[in-house]
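Asks: Hints given; two lone chains; assemble the complex.
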Amino acid sequence: MLHYVIKRMGTMVLTLAFISVIVFVVIQLPPGDIVTSTLERMEASGMQASDEYVQNLRARYNLDKPLFLQYLNWIFNFVQGDLGYSYIYSKPVNELVWERLGYTLLITISAVIFTWVVAVPFGIYSAVRQYSIGDYFITVVALVGLATPNFLLALLVMFFAWEWFGISIGGLYSMEFRDQPFSIPKLFDLLSRLWIPGSVVGMGGTAVTMRILRANLLDELNKPYVVTARAKGVKPIKLIFKYPLRIAINPFISTLGLLLPTLISGEAIVSMVLNLPTTGRMLLQALLAQDMYLAGSFLMLLAILTVVGMLISDLVLAWSDPRIRYE
Amino acid sequence: MMTDNILEIRKLGVRFRTDTGITNALNDVNFDVPRGKVTAIVGESGSGKSVTANCIMRLLQPPGEIVSGSIQFNPSRTESFDVVAIGERDPRIYDLHGGLISMVFQEPMTALSPVYRVGNQVAEAILCHRDVSKDAAMVEAHDMLRRVGIPDIDTRIQMYPFEFSGGMRQRVVIAMALVCNPEVLICDEPTTALDVTIQAEILTLIKDLQEELSNSIIFITHDIGIVAQIADYVVVMYQGRVLEIGTVRQVLKDPLHPYTKGLLAAIPGNVPKNVRLSTIATAVGDADITTPFPLKEVGEGRLVSLP
Chain C
1 MLHYVIKRMG
11 TMVLTLAFIS
21 VIVFVVIQLP
31 PGDIVTSTLE
41 RMEASGMQAS
51 DEYVQNLRAR
61 YNLDKPLFLQ
71 YLNWIFNFVQ
81 GDLGYSYIYS
91 KPVNELVWER
101 LGYTLLITIS
111 AVIFTWVVAV
121 PFGIYSAVRQ
131 YSIGDYFITV
141 VALVGLATPN
151 FLLALLVMFF
161 AWEWFGISIG
171 GLYSMEFRDQ
181 PFSIPKLFDL
191 LSRLWIPGSV
201 VGMGGTAVTM
211 RILRANLLDE
221 LNKPYVVTAR
231 AKGVKPIKLI
241 FKYPLRIAIN
251 PFISTLGLLL
261 PTLISGEAIV
271 SMVLNLPTTG
281 RMLLQALLAQ
291 DMYLAGSFLM
301 LLAILTVVGM
311 LISDLVLAWS
321 DPRIRYE
Chain L
328 MMTDNILEIR
338 KLGVRFRTDT
348 GITNALNDVN
358 FDVPRGKVTA
368 IVGESGSGKS
378 VTANCIMRLL
388 QPPGEIVSGS
398 IQFNPSRTES
408 FDVVAIGERD
418 PRIYDLHGGL
428 ISMVFQEPMT
438 ALSPVYRVGN
448 QVAEAILCHR
458 DVSKDAAMVE
468 AHDMLRRVGI
478 PDIDTRIQMY
488 PFEFSGGMRQ
498 RVVIAMALVC
508 NPEVLICDEP
518 TTALDVTIQA
528 EILTLIKDLQ
538 EELSNSIIFI
548 THDIGIVAQI
558 ADYVVVMYQG
568 RVLEIGTVRQ
578 VLKDPLHPYT
588 KGLLAAIPGN
598 VPKNVRLSTI
608 ATAVGDADIT
618 TPFPLKEVGE
628 GRLVSLP
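Listed in order, the protein sequences are those of chains C and L. Anchor point for the first sequence: position 261 equals 261 in the numbering used here, and the numbering is continuous, going up by one each time. Add 327 to a position in the second sequence, counting from 1, and you land on the number used in the numbering used here.
Simulated from the structure, these hints should not be mistaken for laboratory data. For glycine and all other residues, C-beta sits at the position ideal for the given N, C-alpha and C. Hints may be right or wrong, so weigh each one.
Computed beta-carbon distance windows for the label pairs [to be verified]:
| no. | chain 1 | residue 1 | chain 2 | residue 2 | range |
| --- | --- | --- | --- | --- | --- |
| 1 | L | 404 | C | 250 | 39 to 45 Å |
| 2 | L | 592 | C | 129 | 47 to 53 Å |
| 3 | C | 250 | L | 485 | 17 to 23 Å |
| 4 | L | 485 | C | 69 | 35 to 41 Å |
| 5 | L | 412 | C | 163 | 58 to 64 Å |
| 6 | L | 337 | C | 121 | 41 to 47 Å |
| 7 | C | 130 | L | 337 | 47 to 53 Å |
| 8 | C | 323 | L | 629 | 48 to 54 Å |
| 9 | C | 167 | L | 345 | 31 to 37 Å |
| 10 | L | 395 | C | 130 | 26 to 32 Å |
| 11 | L | 531 | C | 325 | 40 to 46 Å |
| 12 | C | 250 | L | 634 | 33 to 39 Å |
| 13 | L | 531 | C | 5 | 43 to 49 Å |
Subject to a maximum C-alpha distance of 30 Å in a straight line, what follows is the list of computed DSS-like cross-link-like pairs (lysine-lysine) [to be verified]:
| no. | chain 1 | residue 1 | chain 2 | residue 2 |
| --- | --- | --- | --- | --- |
| 14 | C | 242 | C | 223 |
| 15 | C | 186 | C | 91 |
| 16 | L | 623 | L | 580 |
| 17 | L | 588 | L | 534 |
| 18 | L | 461 | C | 242 |
| 19 | C | 238 | L | 461 |
| 20 | L | 461 | C | 235 |
| 21 | C | 223 | L | 623 |
| 22 | C | 238 | C | 223 |
| 23 | L | 580 | L | 364 |
| 24 | L | 534 | C | 223 |
Short, incomplete list of chain C residues facing chain L, as computed with Cβ under 8 Å [as the list claims (entries may be wrong)]:
| no. | residue |
| --- | --- |
| 25 | 102 |
| 26 | 149 |
| 27 | 193 |
| 28 | 223 |
| 29 | 231 |
| 30 | 243 |
The following block holds chain L by itself, in its conformation from the complex (with noise of 0.2 Å):
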């Protein structure tokens, strides 16, 4: 029987060996990524939200290094394999670099090569992924290219990326991820960049895009009106661990965990900006959630971090 998860993530660890020591960047992180849904993971800076798109990537470069666990995957066009147990030179690690996987980064300002125009980077991701002609990636670049809304495209095609504004470059980049048609769309807060009018159009964009394509999406975030507005499941992840995991509803509106309270409880309103923190300090109040609880069920697809 097939598993309706495309990404089944257990004991994932992965540490970071530096002069001044050795950080655990994850320790122990599991969840599933649910076929042709969006799931969201949210945490503040440095929770290992990054760290967990690489490794589903095999993207991590040192000092970085995964330790422990394993990501099988389960795409439909080939066989399963676990992303974790394959070599370097396993010439799957292309198909989980923009073949069945692909990224959309945080930064469409320096995502994109300065000196190539557009049309080539997008033509060049089909390139590197199937066996056609430069013109015939071409056509399939321009075409990727109207579907994410460029305008004008005979004249954009020709265009350098510093040419582009950010929302433009930002389409571009969801153009290049998209034209191999992947089974995992991840996308590492790909709206932090931009001013809020430009946040809903890409965020409007990734959605119709995942409904006409039916992929799967893995949405990093740390802005929970996003969540609300995009996941379909959530992953709360904080200091390298996951405290919580839950459909939008179950997690948005029934929190089980002080820390998830906390961070819902820090949506931005009007306070001036270094009070968020304090808030989160402050719903979060005496509740242990640094000492690293095993995940256990509480309800089907529910899971929390609590003694």
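Extracted from the complex, chain C is given alone in its bound form (with noise of 0.2 Å):
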């Protein structure tokens, strides 16, 4: 097993340089660079730019430099913990990012948390009474579920909560924490509306999720292990859990890490809905205004966190399943 884990972390290791390459070169491929918008939106606002002060903001990031200097610089540094410098936000990266990604991760997590706390159950029930009323009537609930997009449903939450009960829930916090130093009261606000962006965000992969473990479960049912253990006096809720469901939660198990990565790029449109300060939504501008540092180092974040995502999956399912451990 450990030798396995060591295989695995070399192979990471290497794609990892080999994805690192290849985000610099994308970055870089839009026609002009931070300067180049720069002194558009100077001369936007009717200002001209000398060829001095254009060389001078060429030297100072560094864009003077071979592309492959810039890269070396930009990755050695990234190794040891330096992101870099946005340009945006004139704030060096490591100030942005990990502030944004621990909130990512807390409605990530809630997210995660709420699909399961209800799709495990409905989908159980869904299989087990195949094709009665409550099976009818929990499919329509999951389709329309998976038809209706996240952020719709984010503004038809936000409005009727201010509708009915005259309460603003954009944002993490509420209005009189807002800007306050954090706290146990702040921290309190904060975990009372986390499950808005959470069931937000996690409705659409709670539909999914029931509809596979329905389809996963009914396989599993009937299979001559069940029977067995059925005719040797387990009984029947113990039965389900332990045997066919055991064996049908498998696929999400490999699918977990694939979670890692949405913390990067995920539910962008519902966080500008809510108004959550998630790292969604500065990706996007990083890449809009080609702010290369930023966008490079959520990029390469993204990278990192799935193949890392992957192992734990992996991991995580030969723990699960002995024939995966064993091969």
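Replies: Following this line, the structure appears as structure tokens:
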């Protein structure tokens, strides 16, 4: 097992090195750079920049060096934990990324918890009582949930919360806490509001999870090993959890790791609607403004989270399913 | 006076209600299972052998339903009751599920859960029926696995089913079925999925354990060779009905029903596979085997469904 993990780590480093080159090249691909977009903004506001000023600007951002030197400079700083400087925020990337990543993590976790808490019991019911009225009802609700875009749901929730209860649910904090330093009451305020983005973001995933769990469980329910377990006297509820569900849950474990990259890229639109300080919006802005260090950092973090997520998935799956462990 | 039949099945009727219509899987099935003996149920696919077994253990799942009849169960450890009559939530259901009756299934490759160690799966059968500690259950599971002939148990008990061969898995399934010392063991074609040498080993094992534990066995098969080897009594089924009942000697030496004669004529010899069924048809000839005549007694314990 240890041998396997070390081997995986090795390929992960190689993969990431390869991706870093691609990320850097892709960021450089669009015509122009941060200097040209700065100049465009200056010209739009009626200012003229001298050639000397442009040269200085290029030198300051190391843009006058050859591309591979720029890359080496970036990647060496990156592995040492210095993610570079954001032009549009005029701040080190480190100061921008981690707080947002934390909030995104919080929202993603609450969305995952919402998804599982809702999807698992209803998915099980739907499979065990296949073609019952309850099953049809759950199926219809799930399909509606699946067909509703998350941002639309976010808008509806905001509208009705304001219309019926007179509360504004945008943002992660209530008005009175918004500009205050972090404290215990502020934490409670955060937790009490977290279920809104959590459920909105988790809605689509809940519907999908429920349907897939139902299908997987239906496949497993009549397998011989389930009948054997029933024939030896395992009682109904325990039987379902211990035997078919244990196998039906495996596909979800293998997608667990894919949640990590959504920390960076996911739910940009919902975040805009609900005014949440997540990473998705910032990534979009960075890409639009050609803010190369900020965008590059996000894309690299995305790659790292993806490969780490896949490793975690595989390890958890190996832990849960001995057949994979022994291959 | 205590009857010496552990199971008495009377007028058992089962039907399957599906989208395409209603299928009567069992019609007026009557037979007895004598205590401490091996009763073989023989018949081709779809004759109702497995459905009968599932009824005895109350394992029949929708769309199948028992519509009539009774299965009188006379265990020596507890009071007699009618298996058909007890409710879905009656605790006696769990006596039928592995306590007083247990079953060995056809497919050893898929009959065990792939994610639990074999020792745990055997021990779980004990924990379902008796109030003992996990450690005590593991000790008993260990002992039972030794008795069914698993070599190198201390290592094997910690292994997963997929690390076992088909024959070894079937031994585990047998251990799991016998670990609570059931009064009735139902073997539903336990050797069909195994190759011939392993078949012989498993049959010997079942026979030896039956003599040791003196439980009653219902052995479901379509292999007349196995019937001759293991059974004391034979029940011949066809299209959800019982056609003939007798001791193994009576039925094999002196079959009365034309279908039984056909079945015996179809013992595989050196013929291509698809010729066998036509052998039955040839032997049956013009005789009427589809009209449901009631069983009539032609000798002691010798019944046949003929006009």
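Asks: Against each hint, give a clear statement of whether it holds in the structure.
Replies: Hint by hint, here is what the structure shows:
no.: 1; hint: L:404 x C:250: 39 to 45 Å; verdict: holds, 41 Å
no.: 2; hint: L:592 x C:129: 47 to 53 Å; verdict: holds, 48 Å
no.: 3; hint: C:250 x L:485: 17 to 23 Å; verdict: holds, 22 Å
no.: 4; hint: L:485 x C:69: 35 to 41 Å; verdict: violated, 58 Å
no.: 5; hint: L:412 x C:163: 58 to 64 Å; verdict: holds, 59 Å
no.: 6; hint: L:337 x C:121: 41 to 47 Å; verdict: holds, 43 Å
no.: 7; hint: C:130 x L:337: 47 to 53 Å; verdict: violated, 33 Å
no.: 8; hint: C:323 x L:629: 48 to 54 Å; verdict: holds, 51 Å
no.: 9; hint: C:167 x L:345: 31 to 37 Å; verdict: violated, 53 Å
no.: 10; hint: L:395 x C:130: 26 to 32 Å; verdict: holds, 27 Å
no.: 11; hint: L:531 x C:325: 40 to 46 Å; verdict: violated, 35 Å
no.: 12; hint: C:250 x L:634: 33 to 39 Å; verdict: violated, 58 Å
no.: 13; hint: L:531 x C:5: 43 to 49 Å; verdict: holds, 46 Å
no.: 14; hint: C:242 x C:223; verdict: holds, 13 Å
no.: 15; hint: C:186 x C:91; verdict: holds, 26 Å
no.: 16; hint: L:623 x L:580; verdict: holds, 19 Å
no.: 17; hint: L:588 x L:534; verdict: holds, 26 Å
no.: 18; hint: L:461 x C:242; verdict: holds, 17 Å
no.: 19; hint: C:238 x L:461; verdict: holds, 17 Å
no.: 20; hint: L:461 x C:235; verdict: holds, 17 Å
no.: 21; hint: C:223 x L:623; verdict: violated, 40 Å
no.: 22; hint: C:238 x C:223; verdict: holds, 16 Å
no.: 23; hint: L:580 x L:364; verdict: holds, 19 Å
no.: 24; hint: L:534 x C:223; verdict: holds, 28 Å
no.: 25; hint: 102; verdict: violated, 36 Å
no.: 26; hint: 149; verdict: violated, 37 Å
no.: 27; hint: 193; verdict: violated, 40 Å
no.: 28; hint: 223; verdict: holds, 6 Å
no.: 29; hint: 231; verdict: holds, 5 Å
no.: 30; hint: 243; verdict: holds, 6 Å
Of the numbered hints given earlier, the model fails hints 4, 7, 9, 11, 12, 21, 25, 26 and 27; all others are met.
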